[in-house]
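Novice: Starting from the known structure of chain H, fit chain D onto it as the hints suggest.
Protein chains: 2
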Amino acid sequence: MEKNKQYPWSGCGTNKDITGCRFSLSVMRDDYVRHILSALKQVDTRHVWSHTDALSTTYRGHKFNVVNAVKELFIAANDGKTHMTLEATFTKGCPGDTEADIPLALSPKEKEVQEKKFDVLCKFSFYPMGSNDYMDQIAYVVNLAIDRNLYVGPSHYATELKGDVQDLFAYFNDIINYADEHIDHFIYQVTLSVNSPSTQ
Amino acid sequence: MEKNKQYPWSGCGTNKDITGCRFSLSVMRDDYVRHILSALKQVDTRHVWSHTDALSTTYRGHKFNVVNAVKELFIAANDGKTHMTLEATFTKGCPGDTEADIPLALSPKEKEVQEKKFDVLCKFSFYPMGSNDYMDQIAYVVNLAIDRNLYVGPSHYATELKGDVQDLFAYFNDIINYADEHIDHFIYQVTLSVNSPSTQ
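Residue numbers (my numbering), protein chains in the order written: chain H, 1 to 200; chain D, 1001 to 1200.
To be clear, the hints were calculated from the coordinates, so they are not data collected in a lab. Certain hints may be false.
The calculated BS3-like cross-link candidates involving lysine-lysine, where the alpha carbons are at most 30 Å apart (straight line), are [unchecked claim]:
#1 D:K1081 / D:K1117
#2 H:K81 / D:K1041
#3 D:K1081 / D:K1041
#4 H:K41 / D:K1081
#5 H:K16 / H:K81
#6 H:K116 / H:K162
#7 D:K1041 / H:K162
#8 H:K162 / H:K117
#9 D:K1041 / D:K1162
#10 D:K1117 / D:K1041
#11 H:K16 / H:K41
#12 H:K81 / H:K117
#13 H:K41 / D:K1162
#14 D:K1041 / D:K1116
#15 H:K81 / D:K1081
Chain H extracted, bound-state conformation (with noise of 0.2 Å):
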């Protein structure tokens, strides 16, 4: 081990209440740009940090109006014929996070976002960090995926999820919730897919 550097983050870390997701929305069309671009417009911002920079888009706020900020933008871009996937981590606790970057209400808004539905493939990866017993808490996210008849089956590397946009993400946010009660500091990892030919 090379201890002869300073940490690349020395001097961050952050008490503040702040969940993150870092996300790249993937259109296969030609007009991607403009499809992207129009998303990202049509979400309601005002209750999380957002930055877009050349690989993906940071959300950072409370963890309900995270997840519900990344939903609006999943259902906002989806035209239900375009293929098109999300690859996001939400992520909280990380020793190296900072206490800029923050909205200012970090209590969760009470609106909830529209009720279109649609049928979603997922793929989902859970990594909880610093501690010896994460398969205990991989057990638990996956079987509470069973219990919601979310869950496709194992595959390597990864969990596989179909089900409903809304159910989906009402998931997330209870795997959040949990993770945020019981774990300093996790990541979780998900691919969403819609309207792809290899499903049909």
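Specialist: Only chain D this time, still in chain H's reference frame:
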């Protein structure tokens, strides 16, 4: 913690020297299906186990062969003008892994893949599991990127890299060799992007 259920992966586990990569290639054009299938066909998969499902493709085998096959796929898929991303999860050592789905030859093959060069934008996150000193391991991996002049900077929940495709995959190989030697169970999550209008 709910303890009334068995692990979904009960009975699994392997002592075999199997590294895996589960990846999704997103091609931002109308005829993405042809583009993806054509790239997959060009990869020499004689030294990896390969399986494509509705969400992604998985390669399993010796770590060298797996990284090599993913590199070959990414180079084959890049036509130099179409924006595409590759989201890939390199991993080894999951207690829920199986003895199955391995190639006949686990030894590394000697042939190097093609010498094509092009710039790639990249983000990665490294997750060493079941260990309290995981931030030390992450620091090593980030510092190695700094040493190789691949480091762009930190961003929320990921580290950004930029470099030639050959240098990036050489770095991935070194990270996975390091992780294989020092960490029982690790995940190296990476997203590569080429020909993006956001980087011009």
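Novice: Does K1081 (chain D) lie within 30 Å of K41 (chain H) when you go C-alpha to C-alpha?
Specialist: holds, 27 Å
Novice: Verify the proposed pairing of K1081 (chain D) with K1117 (chain D), using a straight-line Cα cut of 30 Å.
Specialist: holds, 14 Å
Novice: Is K1041 (chain D) within 30 Å of K1116 (chain D), Cα to Cα?
Specialist: holds, 18 Å
Novice: Would the hint linking K81 (chain H) and K1041 (chain D) be met if the CA-CA limit is 30 Å?
Specialist: Within the cut-off at roughly 27 Å; holds.
Novice: Given the hint that K162 (chain H) pairs with K117 (chain H), does the C-alpha gap stay at or below 30 Å?
Specialist: holds, 13 Å
Novice: Is it true that the CA of K1117 (chain D) sits at most 30 Å from the CA of K1041 (chain D)?
Specialist: Answer holds: K1117 (chain D) to K1041 (chain D) is near 21 Å, not above 30 Å.
Novice: Taking 30 Å as the top limit, are the C-alpha atoms of K1041 (chain D) and K162 (chain H) close enough?
Specialist: holds, 28 Å
Novice: Between K41 (chain H) and K1162 (chain D), is the straight-line Cα distance small enough, at 30 Å or below?
Specialist: holds, 28 Å
Novice: Is K1081 (chain D) close enough to K1041 (chain D), meaning Cα to Cα at most 30 Å?
Specialist: Judged against 30 Å, a Cα distance of about 20 Å means the pair holds.
Novice: With a cut-off of 30 Å on the C-alpha distance, tell me whether K1041 (chain D) and K1162 (chain D) pass.
Specialist: The given pair, whose Cα atoms are some 27 Å apart, holds under the 30 Å limit.
Novice: Has the given pair, K81 (chain H) with K117 (chain H), been kept, meaning a C-alpha gap of at most 30 Å?
Specialist: At roughly 14 Å apart (the allowed maximum being 30 Å), K117 (chain H) and K81 (chain H) satisfy the hint.
Novice: Mind checking the alpha carbons of K16 (chain H) and K81 (chain H) for me, to see if they're no more than 30 Å apart?
Specialist: violated, 40 Å
Figure legend: structure checked against the earlier numbered hints; the only hint not met is number 5.
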